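Asks: So the chains spell out like this:
Protein chains: 2
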Amino acid sequence: MADRIEPRTLKGFRDYLPEAMIPRERLIETAKRVYRSYGFSPIDTPALEYLEILTGKGSEETDKQLYKFQDHGDRWVGLRFDLTVPLARFAAQHINVLGTPWKRYHIAAVWRGENTQAGRFREFMQCDFDTIGTLSPAADIETVLVINDLFTALGFDDFTIRLNNRLLLNGLLEKLDLADRSVPVLRALDKLAKIGAEKVAEEMATTAGATSEQSAAVLKLAGLAGSNDDVLRQVAPLVEGSPKGQEGLQKLRDMLAAAAAAGVPERRLKLDVSIARGLDYYTGVIYETFLNALPKIGSVCSGGRYDNLAGLYTKQELPGVGASLGLDRLLEAMNQLNLIEKVSTPAPVFCVYFVESRLHDYLKLAARVRAAGIGCELFPEAKKIGKQLQYADRRGFRVALVAGDDELAAGNVQIKNLQSGESTAVSLSGDALESTLASILNPTP
Amino acid sequence: MADRIEPRTLKGFRDYLPEAMIPRERLIETAKRVYRSYGFSPIDTPALEYLEILTGKGSEETDKQLYKFQDHGDRWVGLRFDLTVPLARFAAQHINVLGTPWKRYHIAAVWRGENTQAGRFREFMQCDFDTIGTLSPAADIETVLVINDLFTALGFDDFTIRLNNRLLLNGLLEKLDLADRSVPVLRALDKLAKIGAEKVAEEMATTAGATSEQSAAVLKLAGLAGSNDDVLRQVAPLVEGSPKGQEGLQKLRDMLAAAAAAGVPERRLKLDVSIARGLDYYTGVIYETFLNALPKIGSVCSGGRYDNLAGLYTKQELPGVGASLGLDRLLEAMNQLNLIEKVSTPAPVFCVYFVESRLHDYLKLAARVRAAGIGCELFPEAKKIGKQLQYADRRGFRVALVAGDDELAAGNVQIKNLQSGESTAVSLSGDALESTLASILNPTP
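So the protein lines, in turn, are chains A and B. The opening position of the first sequence corresponds to residue 8 in the working numbering, with each subsequent residue numbered one higher. The opening position of the second sequence corresponds to residue 8 in the working numbering, with each subsequent residue numbered one higher.
For reference, chain A alone in the conformation it holds in the complex (with noise of 0.2 Å):
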């Protein structure tokens, strides 16, 4: 083959070897796991829709970013760059089969053509759940139950879930005849961080026209702090007198009730008046989730209550609550403390092949071991046993399965702990294999 093509992916896509694809399934199904179990069905939409259907919702930026072009009917087309338009699209055109209340899960790559200077991808998965018309407090507790059963599941202890309601700072804006001017405030808000107080002020009054004592409330609600009870003292008077506030106010406490009473540690629920994600989308709860070992990579599961899911493409209003796992990052996460495995097989043991002539005995001895439910791989090769151990090492095998003539005649076969390095001769008649490498790999504490 003269002209050969140089195999390689395109900058900011990747290729998922097995030690990296292994976390990510186990990761995606614990997901599915959790979200079925609250009744959450699954969905799935195409990658390509009609390049209008992605244009009608995203912004400027993801407008930007859209993987678009003609296909072969000379249709405008566009990978979807989330699952929040798609959802939409899908709500408007089935919800009168699906009925509502709804709830589904959908997990599935999304594509945005964005500059990958920061370590960021071209192609990546979302995770996301949400619940379709109904604006019942409980699917909004609910949504919190999820997170911290889906987190428990994936074995994290320490985490926080930090809530907040648009509604308290609506209700100040309210209060303060701001409310016709809530986008540019939010918009200033959002820099608090960065910029700091006082340059959010000048900014409100450039752009809301905000005086210095609106500004002033604004930047007191958004700086309070404390325990849970300590926000909701503080947050009372700000608001009083607002229906509105009044009743964000009633929901986070009402939310911090039933979450307890559920069975969700105290310690994981804080109240942040401070976080406004979604700036013009979310418009009742919203949740940000940290690992309390990593808070510096951000939130790793947010979401929150939004009116009107799909207003671009039905006239019915489809109010909701959701939340989205961020599954790279909290892949990322878990590399960092250590939580993921090293292995590149998804089976235990390993079968070595050491007589050639022996293949029955191994084939039947690996097909045995699958029957107990425990993955085998028979080596495909009766190669040297050093070879073979050695491929078994690199994989990350936990046990090894080796017999010769005289075992395989005498009816035996020797199980090698791969980690400790010990040996133990079992018989293979009765159940010995099948309760020896049960007690190996899933020892009694």
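It should be emphasised that the hints constitute simulated quantities derived from the structure, not laboratory data. Treat the hints with caution; some may be incorrect.
Pairs involving identical chains hold if they fit within one copy or between any two copies, as the list cannot separate such chains.
Cross-link-like lysine to aspartate or glutamate pairs, in silico, EDC-like; alpha carbons within 16 Å at most [as the list claims (entries may be wrong)]: (1) Lys-18 x Asp-78; (2) Lys-371 x Asp-261; (3) Lys-394 x Glu-59; (4) Lys-391 x Asp-412; (5) Lys-182 x Glu-220; (6) Lys-18 x Asp-81; (7) Lys-71 x Asp-81; (8) Lys-251 x Asp-22.
Here the structure is a predicted model, which is why all the values come from computation and not from measurement.
Given the structure of chain A, go ahead and fit chain B onto it with the hints provided.
Replies: What follows is chain B alone, placed relative to chain A:
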């Protein structure tokens, strides 16, 4: 909103609603479980590849069907049209890190701008597993075991794995001095079912210069039928004197013996010397899998052995063997055979939200059911019980939990079997709740 956008999907693309997606996810999870149990590990590759990678390998037809365009950096890119080309590119790029033998599975979407008239879709899933970098017959045999385990795990009993080995025909052609004309001979032979033996012989004469004796011998081999023993007996004289043909015959014999030793029921394996899929690609064993209740839908799992996976991208020779599960075809078959439960909830238990002020009790109740490993959805609104049970029915929940003020005060809950209509009151103390649910959901036969 004046300019509403019509919510619709592109022609040839489809949304998966929960009722379609739930069995789809189950099927994929079963396939993963079986692949993993043999030590196949997962990988993933980007949806988008450099166009030269994709056009390097496919046929003229796949080139025409490619979704291709220029990205933001003016690179020509395309959406992958199968998982074999990405596997070849991936293996060429990473095999030094991965080492051989290397076993991978890959379950992902592919895209082809096909004519949609034949009910074909432009986006569909492939579900492949392969063992790369070994010539060992043990890997060929294992592929049969994987297919057998896979369909057994999916609940099938009556299916047939059809086996052939390309060495038989190659050996015969060698004997007939037609080895250098195998491509036109195969191309003609491939039309046997369509145009009949006479026309095939004519074509072989025209395109391969085959004499009538030569084409008769080829047609004789392709026409052999009967039990596995019959076929083996009849093939033997046809390939006598050809080392290649003898090798193919021996490999089929060994495969049948080894599969039987490993526990595959004999009735499931059928030698079929007429199958010749992948004209130029497969070089050894070939597999096709048929559901005996629905043979007409064609093979639902096909594959074979190939000599050189990645010759376009590397000088390293990478032989391999593998197969691909026909996910959509199989789901269609399972639908026709009524093997798919029509539900749109992944959780079996529904908790009625009966008394508004009792939210904490219901949250606790649902959390308790989930903690027992049983999915439980709590309705988010305290609507009329009839409405809630209608919702539960429509979605296919199996059990409803109903508790009003009196029940809760007495520490009881009603467990309503939604299939039989029966209700039982159980106490919330002890484990009556969990054990009653378990006995309804998993009745012992």
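Asks: Going through the numbered hints above, which ones does this structure break? Give me the numbers in ascending order.
Replies: Hints 3, 8 contradicted; others consistent.
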